[in-house]
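8 protein chains.
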Amino acid sequence: MQAEELTIDEVVARLRRLPFEDAACARIDHHRQLRCGFGEVIFCESKTIGQVREIFGKLGQTGQNVLATRATAEMAAAVIEDFPKAAFCQTARTITLRQTPVEPAGHVAIVAAGTSDLPVAEEARVTAEIMGAVVSTHYDCGVAGLHRLLAETDELRQARAIVAVAGMEGALASVVGGLVAVPVIAVPTSVGYGASFGGVAALLAMLNSCASGVSVVNIDNGFAGGYNAALINRLPTAGG
Amino acid sequence: MQAEELTIDEVVARLRRLPFEDAACARIDHHRQLRCGFGEVIFCESKTIGQVREIFGKLGQTGQNVLATRATAEMAAAVIEDFPKAAFCQTARTITLRQTPVEPAGHVAIVAAGTSDLPVAEEARVTAEIMGAVVSTHYDCGVAGLHRLLAETDELRQARAIVAVAGMEGALASVVGGLVAVPVIAVPTSVGYGASFGGVAALLAMLNSCASGVSVVNIDNGFAGGYNAALINRLPTAGG
Amino acid sequence: MQAEELTIDEVVARLRRLPFEDAACARIDHHRQLRCGFGEVIFCESKTIGQVREIFGKLGQTGQNVLATRATAEMAAAVIEDFPKAAFCQTARTITLRQTPVEPAGHVAIVAAGTSDLPVAEEARVTAEIMGAVVSTHYDCGVAGLHRLLAETDELRQARAIVAVAGMEGALASVVGGLVAVPVIAVPTSVGYGASFGGVAALLAMLNSCASGVSVVNIDNGFAGGYNAALINRLPTAGG
Amino acid sequence: MQAEELTIDEVVARLRRLPFEDAACARIDHHRQLRCGFGEVIFCESKTIGQVREIFGKLGQTGQNVLATRATAEMAAAVIEDFPKAAFCQTARTITLRQTPVEPAGHVAIVAAGTSDLPVAEEARVTAEIMGAVVSTHYDCGVAGLHRLLAETDELRQARAIVAVAGMEGALASVVGGLVAVPVIAVPTSVGYGASFGGVAALLAMLNSCASGVSVVNIDNGFAGGYNAALINRLPTAGG
Amino acid sequence: MQAEELTIDEVVARLRRLPFEDAACARIDHHRQLRCGFGEVIFCESKTIGQVREIFGKLGQTGQNVLATRATAEMAAAVIEDFPKAAFCQTARTITLRQTPVEPAGHVAIVAAGTSDLPVAEEARVTAEIMGAVVSTHYDCGVAGLHRLLAETDELRQARAIVAVAGMEGALASVVGGLVAVPVIAVPTSVGYGASFGGVAALLAMLNSCASGVSVVNIDNGFAGGYNAALINRLPTAGG
Amino acid sequence: MQAEELTIDEVVARLRRLPFEDAACARIDHHRQLRCGFGEVIFCESKTIGQVREIFGKLGQTGQNVLATRATAEMAAAVIEDFPKAAFCQTARTITLRQTPVEPAGHVAIVAAGTSDLPVAEEARVTAEIMGAVVSTHYDCGVAGLHRLLAETDELRQARAIVAVAGMEGALASVVGGLVAVPVIAVPTSVGYGASFGGVAALLAMLNSCASGVSVVNIDNGFAGGYNAALINRLPTAGG
Amino acid sequence: MQAEELTIDEVVARLRRLPFEDAACARIDHHRQLRCGFGEVIFCESKTIGQVREIFGKLGQTGQNVLATRATAEMAAAVIEDFPKAAFCQTARTITLRQTPVEPAGHVAIVAAGTSDLPVAEEARVTAEIMGAVVSTHYDCGVAGLHRLLAETDELRQARAIVAVAGMEGALASVVGGLVAVPVIAVPTSVGYGASFGGVAALLAMLNSCASGVSVVNIDNGFAGGYNAALINRLPTAGG
Amino acid sequence: MQAEELTIDEVVARLRRLPFEDAACARIDHHRQLRCGFGEVIFCESKTIGQVREIFGKLGQTGQNVLATRATAEMAAAVIEDFPKAAFCQTARTITLRQTPVEPAGHVAIVAAGTSDLPVAEEARVTAEIMGAVVSTHYDCGVAGLHRLLAETDELRQARAIVAVAGMEGALASVVGGLVAVPVIAVPTSVGYGASFGGVAALLAMLNSCASGVSVVNIDNGFAGGYNAALINRLPTAGG
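Protein chains in written order, with the working numbering: chain A, 1 to 240; chain B, 1 to 240; chain C, 1 to 240; chain D, 1 to 240; chain E, 1 to 240; chain F, 1 to 240; chain G, 1 to 240; chain H, 1 to 240.
With the rest of the complex left out, here is chain A (with noise of 0.2 angstroms):
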């Protein structure tokens, strides 16, 4: 039992670090920062424009770069009060404020199906981006019109981690992840007609893939694909 307590004291000296901060409406995690290698990321939905301005203001005194997802354009234009500097994308739907210089560094590609699809695509790019990442898009590549991807084949395999966005059936990810040779992380859209069901058709295919290197989030969430892109594309070297 020796060892376990000494293993406990590490994590005691380790939890005795983590701060957090009662707000009015919500405990803001500055220690995520440090823990998970990204701060809080503000979730706008079901949030009220005052919430969302509060909340983004504690974040932002830090001097950390802040991202917002699923944001309105009201929001956004509260924000941009308070930090001139915040950035709205329309299409993604997130505000951004980077206050600390990151370089870009390594490659994160964002592959999609197809028009419907550019809302979470963007998402994906805009957060892969503020974690640091290079990130190349490939627009309206849906397998039905094949050779639009295979042209894509080249740059896709210089990334370290690609997203493939893609409603309907989903297929998208199949086909990449049998092209390349970094992992695939595969985010299903709600487009579709009636029986997609809300992107749980695309859902089911991706998991189901045929292809090994693919692994899933949930529907709609670019955010999450851009994430765990970006979390790979920054390992550092194997061997270090």
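Hints in this document: simulated from the structure, not taken from any laboratory. Cβ atoms here follow ideal geometry from the backbone N, Cα and C, with glycine treated the same way. You may find that some hints are simply not true.
[Stated by the list, open to error] Partner residues are not named here, just some residues of chain H that face chain G (Cβ under 7 angstroms, in silico):
hint, residue
1, V41
2, V143
3, A144
4, S196
5, S209
[Unchecked claim] Now the stretches of chain D that chain E is said to cover, found in silico as 3 or more residues with beta-carbon under 8 angstroms:
hint, stretch
6, 176-188
7, 207-215
8, 227-235
[To be verified] With the Cβ distance kept under 8 angstroms, some of the chain G side facing chain H (calculated, not the full set):
hint, residue
9, C89
10, A144
11, L179
Here the structure of chain A is known, so what remains is to put chains B, C, D, E, F, G and H in place on it, guided by the hints.
Then chains B, C, D, E, F, G and H, alone, in the frame of chain A:
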């Protein structure tokens, strides 16, 4: 109302000609050959050896060609005692009896993704052949090794109808559908890990195909795949 | 391996001829007309009026016939400004532009169960017509009033392909499939009380049809119904 | 509140007369015959031979007619040792004991789609008969061969209640419901290929029937089909 | 085959008498009154005011009683302009026109669990009444306050058929079914918190009722509940 | 942040005391007895006889009372070799070892709907008893024979917690919940015909109970039912 | 049978004391306070302002404490006109009227994962408080920032019952359940991206909790969470 | 179009180099090692011993390392006859053949919740190891005994990728994801009581993880977990 009554007269005339026969265990629809273009097919799965033998006998006595699906070797042995010319295909699980020569014509292509999909693909092949189609098979063409499928494109394009058989994510149907100008009948199979849910993942993917010329039949229903392709294959010329 | 390399050469030759074009919002697959037998179709549902107008413009400029589905009256008005010959069908929610004369040929029959299924049935009709089919329509033929359907049997039997459109329990597909010898494309609709689950009841019924010559497309996807029927309709003679 | 207390007195009077009996493995509800019109029925599926024998014995000793469903041949053998007049129906998987003569009356019709639906249909028949109904059976009437069903229409119309048993797409219930003016009890069966999902496809189809006079019981529950039809069948005249 | 042909003759005779009429938006099945015991009912939910008015007019002109369900106040106003005797029930969302006097007879009881189930229960009541039933209503009898239901038991037992309307866990159907000897038509409603899944919880509960005399119709389909109960209610005496 | 650090100190103090032990096949959480009020329970279903014997041994050596669920007779025999005082209950499929005397206190009542629910109900009983509860059982109280349940009401009302075990439509939980003022733990079972979907129907019914004091555990999880009831049962007085 | 009749007499005595009252829109169960320990609660979601006002009035006139859930500000304004002491909590969407002083006792802890779960958590708090519990709240304790939850462990351990409210993956219930020795009532919320399916993901996770002392209520049903916790909280001592 | 043709030339060059080989039962994709970074893996589940032996032989003859998953002891025995250096891992159900030395590098950590998850976790371990990763395993770390997991945090943080394997509620993935800054591949397992629905509960929980760095593979697919982690692990440095 006058016109309607005439139409009803025609209905009557048609109905009057429809024969059926009460066997011990089933009413055999002898008229189906004329009405639907192929005689009644025996689905053996929930029948006893005795029932299969009796129904096969009734159909075989008419001199027409007979097809039984989901048959066991034991059922086949019993049938072959009565009809020595009947043949059993172990992979396809079919018993066929060819009594009326049919000149193979047209071209049905059957594409399958993996080795595990073979029983379903072979059921489609046997069905299409007994209905008069020339059949070409293209197996082990899963989209994770796209070059294997692309090597078949020329032959696929020469078919009049294509049966695409795949489990897992079922992407094969969309990729094939995007390469050809003929109708694709997609057959989802129950092959896959847990979240394939017995073929539901492939079924949904095929129903949501981003390629337009794809229609779908039931899970593991190779018979329906071959049947629909053969129906299409034997259509007379559009002008004729 | 020699033979394989030749095949790959053919693949190359084919791929080399595939053109596409990067528009502002989409890569237009100009080659699809040749590859799949009909040009790219514009699915308007998640696009802006501006996007529809731009893509329609790119396709229309090539001189080919153009089809846009799930269009609104506002989208149609914008398109018609550019192409005064374009036409909007309110029930079908389609915009069509006929620039290349196609001689109607063959025969596609469209059967629908109830009044509520009309938008889907009409989308199928418009699609089949612009792809060159002669189309006959047979609406309000639900199986609860079987005599209305039986009165149509003769005409249905003369078609080369039938589109069966029904919501609720979707029994229409099976009943029609049992009466004819041509392929039936079943289109489930989202019409029904609570346990229709947005068309799932009809979808499952059609996939489980006890009639053999039935294949199925996505819920409310009248376009796919018409497209598949038209593909079948224009097949050349089996012997040719 | 005065009126309410009188009602409660009546409740009390009723409750006071309700007998039950604690056997070793079950409390037998001897009063059900009076309250619900038929005694407790033994569902054998999850019981041991000993339990079936004991409960059957308790019920049989009262002199009433007894029905056990989902019984095995072994259970039947044990019961028949105690009650030599008891009868086992292998297809229906029922044990019946007729001790109190019931004059068959009225007319319940049982329609079934295919050979595989027979066990469920026969369970309905045995149930309706022991509850006093005259029963006519109409088997192998699937809608893919509509003329077989139409030939039965006259007899179906003379029934007081109809049980419609079908698997696969379950269309039989709607077609029958559209032909008659009496209540139809639909029994979905678990017969079918993959996407029948153990009878869910037929269940949903029957719940969504476009014919108004259809109500539905559980999958493969032939007992409930026969029970409800027999309840309806023995209702006295509306005026009486 | 002789006997069969005679039967077909009878089918013909029956089919020949089936009239229908092509209106602008629907084929009206004027024969349904004879065939199924009540004329075509107008389901207004997906129809325009103009369509409802036109179809109601065609049916009303025949002099029969007319029922329209899921109607809005605006639809009712339009219909009442044409038929001043038509009546709108706001809770039930029905329009009724009584032109042919029907002497109320028999007894249908309608039991409902909570206030939120009233629209469905009232739709059942209006339907059963226009089909000739005497109807008693027993509302707010949820099983959480069992004494409220027990107080109604005597009257429930005197009905010829009972409609049990409940959302949430739908236990009402089983409890009522255990207290009476008449058929219970269970109508699940979409009332409930999240995991009621729009009525699925109640639907499944009712299909799995441990009381034998319960059959089920679609979620929120009060019309079908009333229709089936009224069909049962008006059956002549079993001996007659 | 000062206050927070103190709290973390307390966390540390607590974590430091948590012992566990690496056995060959599992890490045994010896601290659970203190932390959660009962030691680790062995779920035998996916373990080998050897694994069960080893883990049971480790737990038994501490002198505490031990419970193993989903055990087979073979597992029990192996355990009893090591601990002759251990007892096997065949219906409940449990092995229990009582080494530390616990004075039974309080009152947990277990109500079950039918004979088939007994294994689950008995698992709940054994669990509650070894955790120190006095348990009364009330079996075969399905709501279709309501008087059997009403006869138990007085005793149910005297319990501190009730476990309600039912399959099929699971109405028992709601009816019991409406009769008492103590918490009801509902345990759905997988007993039922097809559309019970392995207990889903009962699970949903119980989650949607119209009685307020009902909470639910997993399908067939009698252990969790007994465990939660026993946790509640042994709570000290509210004032204390 | 003698003993049984005595029991029935007790049933009668109990039933005779149960009063209810027929209001215009509902039968109010005045006896529930005695039978279940708290009066009827008004679920406002599908009621009109007038209905809420009337029912609230009937309950308020008795002098007992009243709770209405899922109320709007407009409903609250109407009620407060009649009962100026009534209070509206906007986050919880509750109206409360405290007329009978209840001395807060015991301790119910409410833990919530994120800001979006607050309405559900607050509904639980208001419910538990009006039922007499001292309540502590612990919000924004999602498991992704585990130190925020661990900081609360001491206080959680002192509660008599814990309500754990979480959407997304619902892991909070398991983690809390593993840290304490008191019953945890888990409330899944509908918060989350696409594949949360309106709370199903959290619901299933909670039902499958690997911690034994967790039971679950319906999605977003904060009322049931608070109600069950309060029922447990006020139980007298086990020995008493 | 010029640029596009150049790209196509590159596609051609790439396609020309893709070899495959027609074995009796499968087309072996010898090029996969180059294209995807690891050779074809043999999924044995639906193959015969003979097929496994033949495909293993074809792959083994190339001199590369070979992995077969879901193998039985019989399959392993057959393979080892041909390749005496091949090894069978019974828990992981894998056959491995190491012919090309790979220097283990990097660090993949595998965390599993319970004993029942071991087969899936071990399949992940074997896969990651043959793909060149140093692997540390952390088993029996379910969140109900949180201290067991916290004791592993330091080592988990040093990994380049983590595979989190859990059934039941799958909370492990979220808790691990909140503690580390590296990508977590979550593998749901089919371990659990009824409402785990064969792993669906864990799958949904993992897809909805509130921790951002989690992506998911198919149920019980330990191979995909190990494969994706190994792909990530061997990525070169971001700067390189």
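Comparing the hints with the structure gives:
For the restraint placing H/V41 at the interface with chain G, the shortest Cβ-Cβ distance is roughly 28 angstroms, beyond the 7 angstroms limit, so the hint is violated. Taken as an interface hint, H/V143 checks out: its beta carbon lies about 5 angstroms from the nearest beta carbon of chain G, inside 7 angstroms. Among the interface hints, the one on H/A144 holds; its C-beta lies about 4 angstroms from the nearest C-beta in chain G, closer than the 7 angstroms criterion. The restraint placing H/S196 at the interface with chain G holds, with a minimum CB-CB distance near 5 angstroms, inside the 7 angstroms limit.
At about 5 angstroms, the closest approach between the beta carbon of H/S209 and any beta carbon in chain G falls short of 7 angstroms, and the interface hint on this residue holds. As drawn, the stretch 176-188 of chain D meets chain E at 8 residues by the rule of a beta-carbon pair under 8 angstroms; at three or more, the given contact holds. Figure legend: the stretch 207-215 of chain D, annotated as covered by chain E; annotation consistent (7 residues with Cβ-Cβ distances under 8 angstroms, at least 3 required). Residues of the stretch 227-235 of chain D with a Cβ under 8 angstroms from some Cβ of chain E number 7, which satisfies the need for three, so the listed coverage holds.
A cut of 8 angstroms between beta carbons decides the hint on G/C89: the least distance to chain H is about 26 angstroms, and the hint is violated. The criterion of a C-beta within 8 angstroms of any C-beta in chain H is met by G/A144, whose closest approach is roughly 4 angstroms, and the hint holds. The criterion of a C-beta within 8 angstroms of any C-beta in chain H is met by G/L179, whose closest approach is roughly 7 angstroms, and the hint holds.
Hints 1, 9, counting from the list given before, are not met by this structure.
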